[in-house]
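Enquirer: What follows is each chain in one-letter form.
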Amino acid sequence: MSTASTSTTTTPVDAAAAGREQSAVAQAAKRAVLRRRAAIWAGRIGFAVLVLGGWEVGARTNVIDPFFFGQPSGVWSALVNLFQNGTEFGSVYENIWVTMQEALFGFGIGAVAGVIVGVTLGQSRFLADVFGPYIKIVNAIPRIVLGSIFIVAFGIGTLPKILLAAVLVFFIVFFNAFQGVREVDRNILANAKVLGASRLQVTKHVIVPSALTWIIASLHSAFGFAIVGALVGEVLGAQQGLGLIIKNAQNNFDPNTVFAAMLIISVLVLVAEWVIEKLEHYLLSWRPAAPSEASNAI
Amino acid sequence: MADANNGRIEIEGVTKRFLTPSGDVFTAIKDVSFTVEPGQFCAVVGPTGCGKSTTLGMVSGLDKPSEGTVKVGGKVVDGITDGVSFMFQADALLPWKTVLANVALGPIFKGASKAEAQARARDWLRRVGLAGFEDRYPHQLSGGMRKRVAMAAALINEPKILMMDEPFGALDVQTKAIMSNELLGLWEQSRPAVLFITHDLDEAVALADKVVVMTSSPGTVKAVYDIDLPRPRGSVQEIRFEPRFLELQHQIWDTLREEVERAYARTAGGPTEEGKAA
Ligand SMILES: Nc1ncnc2c1ncn2[C@@H]1O[C@H](COP(=O)(O)OP(=O)(O)O)[C@@H](O)[C@H]1O
Ligand SMILES: [Mg+2]
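Chains as they are written, first to last, in the UniProt record's numbering: chain G, 1 to 298; chain X, 1 to 278.
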């Protein structure tokens, strides 16, 4: 002990010099990080300018026919027009809200059903074996076609869109929840049982939290599918919604409005992704930081 | 009633067979019989793959024997045995729960309120020297600290039987010695029966009252030795130099070595040996 302390003793002068040297190293590292970040942003902006500028120039010189493919300035004015003058089916906000409602309800119903069925089948070999083939069959059919059936059965209100979105979401979440339950650590499971946990307690304390990593990972792509379900439903037949705006613009040979609606949708999806990411951070806060995050913390 | 509550383990003529994926029947253990008295510390040693973990699984009720019976406190094991706790080589802590919540699981599963469970968990964390670490997650602890958490989690329900499957197998030598001493200290306080699996003979002799030596696969009981070293044993590092320890250690090693060599020859010698054995 005493030898260790003498060997690490340094004079104050040494310590100050070491401190200066360390802060110089830290500053150099910080500058390198900043330079790298600036280069990345320059690359990103440059790429966008290249693509949009190329498209615009191509359209103006008629290399790309703007009648079919639109042009960025046209998309921008279509976007402004949508927000300023609204559409034949009410203001653009109303239409966004309708589509969002359908997607959100579909997402909620599909996700909850997917988790419940996935966790149940994941825990029961018997049920999994009974329903396995049917799930495979239903998964193999192109489910988007169900949209037509739902429209025929339930009319052109919001219900068929919600159902279509829910069906699309259900399968993604279901497969992930099922797999997540199957991957639960056997030792942990045995330990909980030996400690006297009931079936319900095992599910609550061990299985669901353990499967949560898988379930949340599936929610990211699931929300995109919920939007797809709502839009396809609206294209098939609706009174309001972004899908209807797209379909109407298509009938009017107005590609710029189609692109404008696409832009709105991608912003909606990005916002939803952001919310899901926050949820993920909150629910999975126990996880060790990923290596990249950890090195950023220095 | 008093009899049903004690932790006497009676393993009588137990055979366990598994169906291998290729459809063959594989006998993991064959006609195993031994008894662990209440409050006794019993170590089981044997080459890897001889069926030690399989035996534990049947005492805990996680698995059923193909033949023979396992009795705990005079009652045939059927379903999860009441009053047992487990400790594995790998961590069985829930990574998404804090240290406190992990230790509190035992009482919560038994129906205690959250406040009461946490109060008891706090007390147990203090006993294993982890006061102040209640809010950490398992991945924020060292291997030795995680073992202490697992120990507190296993002991909090005051089990009449503690089963340990190579609990310190993944630790470095120094940490292992420290953990062994702490285990003995905690065990002296409440004296559950212990079934302790290890492949480290020194560890078995230093800790146990009784050492069961198993043969290589299919596992049977080859010999049972009583360890008459006085208790409390004190430091497990120091006991290794006592003449009686060395005498017992040599005696048991002579029995065990043959089995370890046979098991090794089987894995190193390839499938021909396996075929002959089957
Ligand atoms: N569920 C199982 N199915 C098939 N074989 C198994 C199963 N569990 C264990 N075994 C086999 O039984 C033998 C004994 O295993 P185990 O009890 O884990 O040995 P030990 O703990 O002594 O190393 C091994 O050969 C193992 O492959
Ligand atoms: Mg084992």
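Among the hints, a few may not be true.
The calculated lysine-lysine pairs, modelled on PhoX-like cross-linking and capped at a C-alpha distance of 25 Å, are [said to hold, decoys possible]: (1) 75/X with 176/X; (2) 30/X with 210/X; (3) 64/X with 114/X; (4) 204/G with 97/X; (5) 210/X with 71/X; (6) 222/X with 71/X; (7) 204/G with 110/X; (8) 30/X with 97/X; (9) 97/X with 278/G; (10) 110/X with 97/X; (11) 30/X with 204/G; (12) 71/X with 30/X.
Covered, in the sense of this in silico footprint (three residues per stretch, anywhere, with C-beta under 8 Å from a C-beta of chain X), are these stretches of chain G [to be verified]: (13) 196-208; (14) 270-276.
Calculated from the structure, these hints are not laboratory results. Glycine included, every Cβ here is placed at the ideal spot set by N, Cα and C.
Enquirer: Evaluate each hint against the coordinates.
Expert: Hint-by-hint comparison with the structure:
Taken as a hint, the residue 75/X and residue 176/X pair is broken in the structure, with Cα atoms around 35 Å apart against an allowance of 25 Å. Annotation: proposed proximity of residue 30/X to residue 210/X holds, straight-line Cα distance about 21 Å (limit 25 Å). Between residue 64/X and residue 114/X, the direct Cα distance comes to roughly 33 Å. Violation of the 25 Å bound is thereby established for this hinted pair. As the CA atoms of residue 204/G and residue 97/X are separated by approximately 12 Å, the hinted pair is consistent with the 25 Å bound.
Between residue 210/X and residue 71/X the alpha-carbon distance is near 19 Å, which keeps this suggested pair within the 25 Å criterion. Annotation: proposed proximity of residue 222/X to residue 71/X holds, straight-line Cα distance about 21 Å (limit 25 Å). For the hint pairing residue 204/G with residue 110/X, the CA-to-CA distance comes to about 15 Å; that is within 25 Å, so the pair holds. With a CA separation close to 40 Å, the supplied pair residue 30/X and residue 97/X exceeds the 25 Å bound.
For the hint pairing residue 97/X with residue 278/G, the CA-to-CA distance comes to about 19 Å; that is within 25 Å, so the pair holds. At roughly 18 Å between alpha-carbon atoms, residue 110/X and residue 97/X fall within 25 Å of each other, so this suggested pair holds. For a cut-off of 25 Å, the pair hint linking residue 30/X to residue 204/G is broken: about 38 Å separates their Cα positions. Restraint check: the Cα-Cα separation between residue 71/X and residue 30/X comes to about 17 Å, which is no more than 25 Å; the hinted pair holds.
Evaluation of the coverage hint for the stretch 196-208 of chain G: fulfilled, as 6 residues show C-beta separations to chain X shorter than 8 Å, against a requirement of three. With 0 residues having a Cβ less than 8 Å from any Cβ of chain X, the stretch 270-276 of chain G misses the three-residue criterion, and the hint is violated.
Comparing the model with each earlier hint shows violations of hints 1, 3, 8, 11, 14; every other hint is respected.
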